[in-house]
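Here the protein sequences line up with chains A and B, keeping their order.
Be aware that the first sequence starts at 13, since it is given in my numbering, and climbs by one per residue.
Be aware that the second sequence starts at 57, since it is given in my numbering, and climbs by one per residue.
None of these hints come from the bench; they were simulated from the model.
C-beta: ideal position from N, C-alpha, C; glycine also.
Treat the hints with care, as some may be off.
[As the list claims (entries may be wrong)] No more than 20 Å apart at the CA atoms, straight line, and that leaves these computed lysine to aspartate or glutamate pairs for EDC-like:
# : chain 1 : residue 1 : chain 2 : residue 2
1 : B       : LYS113    : A       : ASP285
2 : B       : LYS177    : B       : ASP167
3 : B       : LYS113    : A       : ASP136
4 : B       : LYS95     : B       : GLU80
5 : B       : LYS173    : A       : ASP285
[Unchecked claim] Some chain B residues near chain A, calculated using beta-carbon distances under 8 Å:
#  : residue
6  : LYS71
7  : THR72
8  : MET73
9  : LEU75
10 : GLN79
11 : GLY81
12 : GLU118
13 : GLU121
14 : ASN139
15 : LYS160
[Unchecked claim] Label pairs and their in silico Cβ distance ranges:
#  : chain 1 : residue 1 : chain 2 : residue 2 : range
16 : A       : ALA83     : B       : GLU141    : 51 to 61 Å
17 : B       : THR59     : A       : LEU131    : 21 to 31 Å
18 : B       : LYS130    : A       : THR178    : 39 to 49 Å
19 : B       : ASN162    : A       : LEU39     : 42 to 52 Å
20 : A       : ASN38     : B       : LYS166    : 48 to 58 Å
21 : A       : LYS32     : B       : ASN126    : 18 to 28 Å
22 : A       : LYS32     : B       : LYS98     : 22 to 32 Å
23 : A       : LEU102    : B       : LYS130    : 46 to 56 Å
24 : A       : THR147    : B       : ASN126    : 49 to 59 Å
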Amino acid sequence: MEQDNNLKNNNFLYKIRLFKDCQDYNLSLWECPSFIFLVLGILNIVAMVSTYFIANRYTEQPEIVALIVIAISTFIFLLSHSITQGFDKLAQANKMKTEFVSIASHQLRTPLSAIRWTLNLINDGRISSPADMSTYLNLVKESNERMIRLVNDLLDVSRVEMGRMTFFPKQTNIYVLVEKIINASAPFAKANNVSLSMEAPETLPNVLTDPEKISITIQNLVDNAIKYTQEKSEIKVSLEADSKFVKISVKDKGVGIPQSQQKHIFKKFFRSDNIMKNQTIGTGLGLFIARSIVEGNKGKIWFESKEGEGTTFFFTLPIYK
Amino acid sequence: MKTILIIEDEPTLQKTMSLALTQEGYDVKNALDGEIGLKLAKEIKPDLILLDLILPKIDGFEALEDLKNNDITKEIPIIVLTNLESTQEIERALVMGATTYLVKANYDLKDIIQKIKETLK
Numbered sequence: 013m014e015q016d017n018n019l020k021n022n023n024f025l026y027k028i029r030l031f032k033d034c035q036d037y038n039l040s041l042w043e044c045p046s047f048i049f050l051v052l053g054i055l056n057i058v059a060m061v062s063t064y065f066i067a068n069r070y071t072e073q074p075e076i077v078a079l080i081v082i083a084i085s086t087f088i089f090l091l092s093h094s095i096t097q098g099f100d101k102l103a104q105a106n107k108m109k110t111e112f113v114s115i116a117s118h119q120l121r122t123p124l125s126a127i128r129w130t131l132n133l134i135n136d137g138r139i140s141s142p143a144d145m146s147t148y149l150n151l152v153k154e155s156n157e158r159m160i161r162l163v164n165d166l167l168d169v170s171r172v173e174m175g176r177m178t179f180f181p182k183q184t185n186i187y188v189l190v191e192k193i194i195n196a197s198a199p200f201a202k203a204n205n206v207s208l209s210m211e212a213p214e215t216l217p218n219v220l221t222d223p224e225k226i227s228i229t230i231q232n233l234v235d236n237a238i239k240y241t242q243e244k245s246e247i248k249v250s251l252e253a254d255s256k257f258v259k260i261s262v263k264d265k266g267v268g269i270p271q272s273q274q275k276h277i278f279k280k281f282f283r284s285d286n287i288m289k290n291q292t293i294g295t296g297l298g299l300f301i302a303r304s305i306v307e308g309n310k311g312k313i314w315f316e317s318k319e320g321e322g323t324t325f326f327f328t329l330p331i332y333k
Numbered sequence: 057m058k059t060i061l062i063i064e065d066e067p068t069l070q071k072t073m074s075l076a077l078t079q080e081g082y083d084v085k086n087a088l089d090g091e092i093g094l095k096l097a098k099e100i101k102p103d104l105i106l107l108d109l110i111l112p113k114i115d116g117f118e119a120l121e122d123l124k125n126n127d128i129t130k131e132i133p134i135i136v137l138t139n140l141e142s143t144q145e146i147e148r149a150l151v152m153g154a155t156t157y158l159v160k161a162n163y164d165l166k167d168i169i170q171k172i173k174e175t176l177k
């Protein structure tokens, strides 16, 4: 192993980082698609040149032979290029999958540890009163729910990536849907010292959407707004319509998203530095799923944010016609 | 009575560990983030610190560095108790002066208490 590493460290090709990916995947040079591609290229050139010289010596029309060889070589060269590209893509997908499993497992560990330790307390007879027992069993329940949420989110992510998230769009009263979520979120908001309000015109057209899936998006945006607002303030959910779309916005006066990290905000597992400083619990999957749902419902999602001042998320849904 | 400071932001983990250690006869203090953890460590000068790594405000590595560079706290044994377990993180914490590095999910409470007792001997 150590020898292997030394070899990699001393090898010129590794040094110039030409085959960095192969090194990352722990592949030897002869297993490395880009190296094999380079070798094929060199062999092709050698074959072309030598065929030309041999043809020059033994045939009357060496140019035709050379042209045929060049055509065949170019074809082989392009073919091998596409094969190596394919290998690279597979390797990349595999690497992403490994990272995904690693992050997901790590995120499951916290609630798993919490369940393990609480059961330890119960098993070791450390909890005597029924009231305490009930408190600790509730903690197990909370951790269990957290794991279920995480696993469901992971399954949603996997469905999105496999293109298997299915939507059942139907005529939906978006006002009623938003109102229901705001009412259900009121206790969570109150516990975090923020208030929730809703603003909508008197009449609002129905939208064409999958109500169950779009509720996940609205719930996620409202939950984020509550979680990342630290001081007593108001979160406003507004609805408005134009001729084609209904626009829903969720505005908070929370911690905001740092400018430099705004481009990553819809990437899965991404959590910005400033929220990691305040709220370490979170998966970084919510907005990735939210965007996939909105786009799957033929809408658009975007945001405006300033660190320290707050964030407004917007999304649109097509009007039912 | 020996004092143990638990710097842990996950309420259930903090609560369970705290109860078990109190029942073992330790005086347990809790901090839910790195900032309060550092402040408490300097104030009460505990006999041992259980330190999580992913923490709000000041993370575990920053806290560890601060604790080991401060005359009041540099001799206090620190057990890093986390769910991160890459080789780099383990090495980094041990090089920075942590006494032991334990992965929460891999240990029962009684095993961690055993390690604490061994460290405090």
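Against the structure, the hints come out as follows:
{"no.": "1", "hint": "B/LYS113 / A/ASP285", "in the structure": "10 Å, holds"}
{"no.": "2", "hint": "B/LYS177 / B/ASP167", "in the structure": "16 Å, holds"}
{"no.": "3", "hint": "B/LYS113 / A/ASP136", "in the structure": "34 Å, violated"}
{"no.": "4", "hint": "B/LYS95 / B/GLU80", "in the structure": "25 Å, violated"}
{"no.": "5", "hint": "B/LYS173 / A/ASP285", "in the structure": "36 Å, violated"}
{"no.": "6", "hint": "LYS71", "in the structure": "7 Å, holds"}
{"no.": "7", "hint": "THR72", "in the structure": "4 Å, holds"}
{"no.": "8", "hint": "MET73", "in the structure": "7 Å, holds"}
{"no.": "9", "hint": "LEU75", "in the structure": "6 Å, holds"}
{"no.": "10", "hint": "GLN79", "in the structure": "6 Å, holds"}
{"no.": "11", "hint": "GLY81", "in the structure": "13 Å, violated"}
{"no.": "12", "hint": "GLU118", "in the structure": "11 Å, violated"}
{"no.": "13", "hint": "GLU121", "in the structure": "17 Å, violated"}
{"no.": "14", "hint": "ASN139", "in the structure": "4 Å, holds"}
{"no.": "15", "hint": "LYS160", "in the structure": "4 Å, holds"}
{"no.": "16", "hint": "A/ALA83 / B/GLU141: 51 to 61 Å", "in the structure": "56 Å, holds"}
{"no.": "17", "hint": "B/THR59 / A/LEU131: 21 to 31 Å", "in the structure": "27 Å, holds"}
{"no.": "18", "hint": "B/LYS130 / A/THR178: 39 to 49 Å", "in the structure": "59 Å, violated"}
{"no.": "19", "hint": "B/ASN162 / A/LEU39: 42 to 52 Å", "in the structure": "31 Å, violated"}
{"no.": "20", "hint": "A/ASN38 / B/LYS166: 48 to 58 Å", "in the structure": "39 Å, violated"}
{"no.": "21", "hint": "A/LYS32 / B/ASN126: 18 to 28 Å", "in the structure": "41 Å, violated"}
{"no.": "22", "hint": "A/LYS32 / B/LYS98: 22 to 32 Å", "in the structure": "45 Å, violated"}
{"no.": "23", "hint": "A/LEU102 / B/LYS130: 46 to 56 Å", "in the structure": "51 Å, holds"}
{"no.": "24", "hint": "A/THR147 / B/ASN126: 49 to 59 Å", "in the structure": "36 Å, violated"}
Of the hints listed earlier, those the structure fails to meet are numbers 3, 4, 5, 11, 12, 13, 18, 19, 20, 21, 22 and 24, in rising order.
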